[in-house]
Amino acid sequence: MNAFDWIVLLVTMVGIAAYGAWHTRHTDHLDTYLKGSQTTRWGTIGISVMATQASAITFLSIPGQGFESGIGFVQNYFGLPLALIIVCAVFLPIYRKLGVYTAYEFLGQRFDAKTRLLGASLFLLQRGLAAGVTIYAPAIILATVLGWRLDVTIISTGLLVIIYTVTGGSQAVNLTQKWQMGIIFAGMVTAFVILIQRLPAGLGLGGALHLAGAMGKLQAVDFSLNADKRYTIWTGLFGGLFLSLSYFGTDQSQVQRYIGGAALREGRLGLMFNALLKIPMQFFILLLGALVFVFYQFEPAPVFYNRVEWQQHANGAHGAVFHAIDDKHAALHAVKQEKIRAWLDARDHHSPAEPAARTAMLLANAATEDVRKEARAALTADDPLAQTKDSDYVFIGFILDQLPHGVIGLLIAVMIAAALGSKAGELNALGTTTTIDLWRQFRPLAVHDEARNVRAAKWFTAMWGFVAIAFALFAGFSENLIEAINIIGSIFYGVVLGMFLVAFFFKKVGGYAVFWGTVLGQLLVFALFFNLSISYLWYNFIGCAACVVISLLLQAAKSNIESAEKPANP
Amino acid sequence: MKSPDPHSDESPGVPGFRTWRGIYLFAFGFFVLVVVLLALFSSWFA
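These protein sequence lines are chains A and B, in that order. For what it's worth, this note's numbering labels the leading residue of the first sequence as 50, then goes sequentially. For what it's worth, this note's numbering labels the leading residue of the second sequence as 708, then goes sequentially.
To be clear, the hints were calculated from the coordinates, so they are not data collected in a lab. Certain hints may be false.
[Unchecked claim] If you want the ones that stay clear, here's a sample from chain B, every Cβ over 10 Å from chain A, calculated:
no.	residue
1	G723
2	R725
3	A734
[What the hints assert, rightly or not] Here are some chain A residues pointing at chain B (derived, C-beta under 10 Å):
no.	residue
4	I120
5	Q124
6	L129
7	L131
8	L133
9	I134
10	A138
11	I245
12	P249
13	G251
14	L252
15	L258
16	A261
17	A269
18	G365
[Stated by the list, open to error] For each label pair, taking beta carbons as the anchor points, the in silico distance ranges come out as:
no.	chain 1	residue 1	chain 2	residue 2	range
19	A	A415	B	S750	35 to 41 Å
20	B	R728	A	N275	33 to 39 Å
21	B	R728	A	A519	45 to 51 Å
22	A	F491	B	L744	52 to 58 Å
23	B	L744	A	L412	51 to 57 Å
24	A	A405	B	R728	30 to 36 Å
25	A	R425	B	S750	30 to 36 Å
26	A	I143	B	G736	21 to 27 Å
27	A	V598	B	S750	38 to 44 Å
28	A	F554	B	L744	29 to 35 Å
29	B	V739	A	A426	40 to 46 Å
C-beta atoms are modelled at their ideal positions from N, C-alpha and C, and glycine is treated no differently.
Chain B extracted, bound-state conformation (with noise of 0.2 Å):
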């Protein structure tokens, strides 16, 4: 095996989030953003 990484802690680097949890938030979000206008789509094409 490989030593460790020592990157493990490293910061998401994308502009707008300073850590992971940001992203996972966003990630997060997104998905319910998504299963509402997927509701919404259904109710409007019913």
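Just chain A, same shape as in the assembly (with noise of 0.2 Å):
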């Protein structure tokens, strides 16, 4: 990065933050303070409940996922319409018709208080614990990548996210998420030009796209109903549903960013905005990820594109294993260009030795990925802790190489634009919440002081942010520790959305037996994580339906056993 980089990241940064710190700081209405401005409108709403789940992660990964495997992970998103849909019509009605500033006040309104601290705190921990990964998950690949102190990346990204979320609460988080997005569109739009400017002469956008499908990298839908495949269209659609009704019904994350607006058809619009456009919008960043892979079939690719981790061993006291590696790979990777030059002219003249040309050209790939397979394996041997994932660097990686000066800045300026906006929406949601559905619990005397209520939700979105910083700096994740959070939040998941099917779909089922439905439900979950090496996503699923049948089953219990002692009528 050079100094006109820094000046776009900063400018666009900094100036986003400031914008919406500004602009929202005589913010002293607790409906606007928690809900945002009252004359939201739909488009903004929808860019907010976007730029909430499109984390840093989502565009440093998800290109790299495409690359790796393919753009068949976009069939993971295929529950999120029918899922919108269903919360639209039935979740989003009741929350206005309540008027809650949190989906945890409408259990308290449909059972009883201790549900409503159970659904709260279920939230808190699953949102508390993943607080600081939102932060250190893109630092520490920026602080590789770019050679910068993690701990100064850690702290400068959650002071700036805390001032403007603290100042101007929902209506800062919405105003400041929609400039972050326009970055966003405009930095993944951009780097997409430049790429398929940059592909060989010739070749074109056509036949990149026959090149990458030739790989296997654009195989969208799988009809397979093979259960060892992870990316199915019906893992999609069951998995898929189950997840996206659980976060976006029932996360205060995500249910903050909608239940505010002008009236019920902004939020209901806003949703919808995301139902048309999300899988779109997901199926663009991994075919981006695909053209980064067709790219370096043509160029000299890298053997680990965790560049900074290889070249540490590489210089270590195993280095002859390394610089082998590379040049083994090399050698492999100039014969795979042949291999693809041919066949790509085979194709172009249809010629009959097209089928053979494909299959050399599919061999000199697999020598290639045994090679990187081989790398992987000597930065293990070397370090056992050794970071062997390297598929979250392919784009960024892409992007400092082959990018132009400035355009470097936007797309640093969008991946840090993601981690502030989806950071934002998190610590909104979790300083609501405690100041809701905990605080105002224990000072109810406080409800009516509006002035102390905007002064505790502040503070508790400080406190908060703070919690996310220190556990970003101290925790110590590890890639596994980053999953770990992921598994975390599909064990807490299922059964909170249990909790609200029962509460919308079960008028007979009262406050004690969903209570006891969602512990019991939930000591399920966790006993069969520890006993079952099952995909995590089925979490969602096992305790929806356990919360469910437990909660219907000791209603009925409870419903026999006071009409039993009933007294007979004389």
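From the two separate chains plus the hints, produce the assembled complex.
Structure (structure tokens):
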């Protein structure tokens, strides 16, 4: 990065944060602070929902996913439009009708105070644990690649988001997310256009897509019923529906984005905006990764894309091993380039040798993939704690190596804007839930003191921000721990969704049954988690089903006991 | 909590759509179209 990149980065990031904080500095009404401006329209709500979900990892990891495994990951989002339709039709009208600030306040209305406290506590536990990761995950990648100090990166991004989120609450979050998403869209489209221009002359977008397809990177929809396959249309529809329903319907960081606004219509249209655009957007980001894969087929490609990690080992005691792997990969990569050109030539001329050329190309690709596996094994042999997942570094490496100055600053701004946008939504929700569902329960006299409520919300938002920074600084995350945080989300999401489904669809079930149904359902999920080895996505469904079934059984048992205890009419 | 929202039964106010059910059907239809286009995209470039 040069001075021009730094100017672009600082002007966009600090400028947006300062604008958000300044524009909303007089936000002193509780309603505006917690739900955003009452005049907010559907476009702002839609972008805010999108920005809260799209973290920096979305723009760092998903192109890497497209590069490594192809665009099949898009199927994970197939349940999302269906979930958003359900949220629009069922969840949102009830939240608006009751005028709640948090989703858990609805549980208190529908059941009782202890159920509301349980729902809010599960959210705070799960989101609180994840709070550090949202800052840490992009910071570690940017710090590694750009040579920044990790602690400075974490503290500076953390403080920036705390300042404007505390100052203007939900209104500032909505306002800044709109500009941040503008930067993100501009940056990603710019990267796409430059990538197409950098492809070899004569290949073009069509040729690049055919090459990516031939290499198995463009299998977007897989109808296979094979349970061993991670991404199929069925896992996307079924698992994705439950995951999205939990996230958009019951997670306060999303609920807070759409319950405000001028009218119910604005929230609904904001969600429908996401139902229409989310899959195309994820497809575009994955396709970008697949095209980066094509780009590197014609350029010298590193054997391991986390070049800093690789270089450290290459300069170490066993450097000869790493240099030998580098040489082997370079030789095989050159062979692969020849085979690719031969296949493209055969394809362009409709040659009968095309199938044989394709087979030769795929064999050459498999040979380079084998060397990449060898490289990972060498890293682990040299240091068992070495990072062996390099797909997160593919896109950022492409940005730094191939894009012109100014655009590099813009793309780094994309990553930081995404981190700030999702973090702001998260802090806003944690602060709101702590204020409304915990603090106000123990300070009932403060309910009508609006200024005191706003002050409390500001303090709690700041508190969660500092907890997140401290967690990111001192927790010492590993790759596996980051995945562990995602697993924790799935462990809690299911039962929380179960509580809400019981609330919406089983009117006869009361607070006692759903409270203990949730507790027992959660214990069952814990027990299964420690004894089974199934994909963690399944716990979304298991937790939800367990909570609903146990609540119904407990309610039936309670009703039977009560009717048996009733004295018979004389 | 605030008083109940007086606009809960409002029409979508989107040209061409008189009810929310129409909007939801459109979103569902668009989703199906996207999946079909993705499947065609996969087979075209396979």
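How the hints compare with the structure:
Its beta-carbon lying about 14 Å from the closest one in chain A, G723/B satisfies the requirement of being farther than 10 Å from that chain. Separation of R725/B from chain A is adequate, the least Cβ-Cβ distance of about 13 Å exceeding the 10 Å criterion. Annotated as non-interface, A734/B brings its C-beta within 10 Å of a C-beta of chain A; the closest such distance is 5 Å. A cut of 10 Å between beta carbons decides the hint on I120/A: the least distance to chain B is about 8 Å, and the hint holds.
A distance limit of 10 Å between C-beta atoms decides the matter here; for Q124/A the minimum to chain B is near 9 Å, and the interface restraint holds. Here the hint on L129/A is kept, as its CB sits about 9 Å from the closest CB of chain B, short of 10 Å. The interface hint given for L131/A is met, as the beta carbon of that residue sits about 7 Å from the closest beta carbon of chain B, less than 10 Å. For L133/A, the shortest C-beta to C-beta distance to chain B is roughly 8 Å, which falls under 10 Å, so the interface hint holds.
The beta carbon of I134/A comes within 5 Å of a beta carbon in chain B, closer than 10 Å, and the hint placing it at the interface holds. The restraint placing A138/A at the interface with chain B holds, with a minimum CB-CB distance near 6 Å, inside the 10 Å limit. Given hint, I245/A at the interface with chain B, is violated; its Cβ is 16 Å from that chain's nearest Cβ, farther than 10 Å. Restraint check, P249/A versus chain B: the minimum CB separation of about 18 Å is more than 10 Å; hint violated.
Given hint, G251/A at the interface with chain B, is violated; its Cβ is 18 Å from that chain's nearest Cβ, farther than 10 Å. Interface restraint check: L252/A against chain B, minimum CB-CB distance 14 Å, threshold 10 Å, status violated. Given the 10 Å rule on beta carbons, the hint for L258/A holds: about 5 Å separates it from the nearest Cβ of chain B. Interface restraint check for A261/A: the shortest CB-CB distance to chain B comes to about 7 Å, inside 10 Å, so the restraint holds.
Against a cut-off of 10 Å between C-beta atoms, the interface hint on A269/A holds, since the closest Cβ of chain B lies about 4 Å away. Taking 10 Å as the C-beta cut-off, the interface hint given for G365/A is violated, the closest approach to chain B being about 42 Å. Between A415/A and S750/B the beta carbon distance is about 23 Å. The supplied range of 35 to 41 Å is therefore violated. Checking the proposed 33 to 39 Å range against R728/B and N275/A shows it holds: the Cβ atoms sit about 37 Å from each other.
Distance hint check for R728/B and A519/A: the Cβ-Cβ separation is about 48 Å, which falls inside the suggested range of 45 to 51 Å. Distance hint for F491/A and L744/B: a CB-CB separation of about 53 Å, consistent with the stated range 52 to 58 Å. With their beta carbons about 32 Å apart, L744/B and L412/A fall outside the hinted range of 51 to 57 Å. Judged by the Cβ atoms, the range 30 to 36 Å given for A405/A and R728/B is violated: they are separated by roughly 55 Å.
Range check, R425/A to S750/B: Cβ separation about 33 Å, and the 30 to 36 Å hint holds. For I143/A paired with G736/B, a C-beta distance near 26 Å keeps the hint of 21 to 27 Å intact. One distance hint, 38 to 44 Å for the beta-carbon pair V598/A and S750/B, holds here, with the actual separation near 41 Å. Between F554/A and L744/B the beta carbons are some 34 Å apart, a value that agrees with the proposed interval 29 to 35 Å.
Checked against the hint of 40 to 46 Å, the C-beta distance between V739/B and A426/A comes to roughly 44 Å, which is consistent with it.
Hints 3, 11, 12, 13, 14, 18, 19, 23 and 24, counting from the list given before, are not met by this structure.
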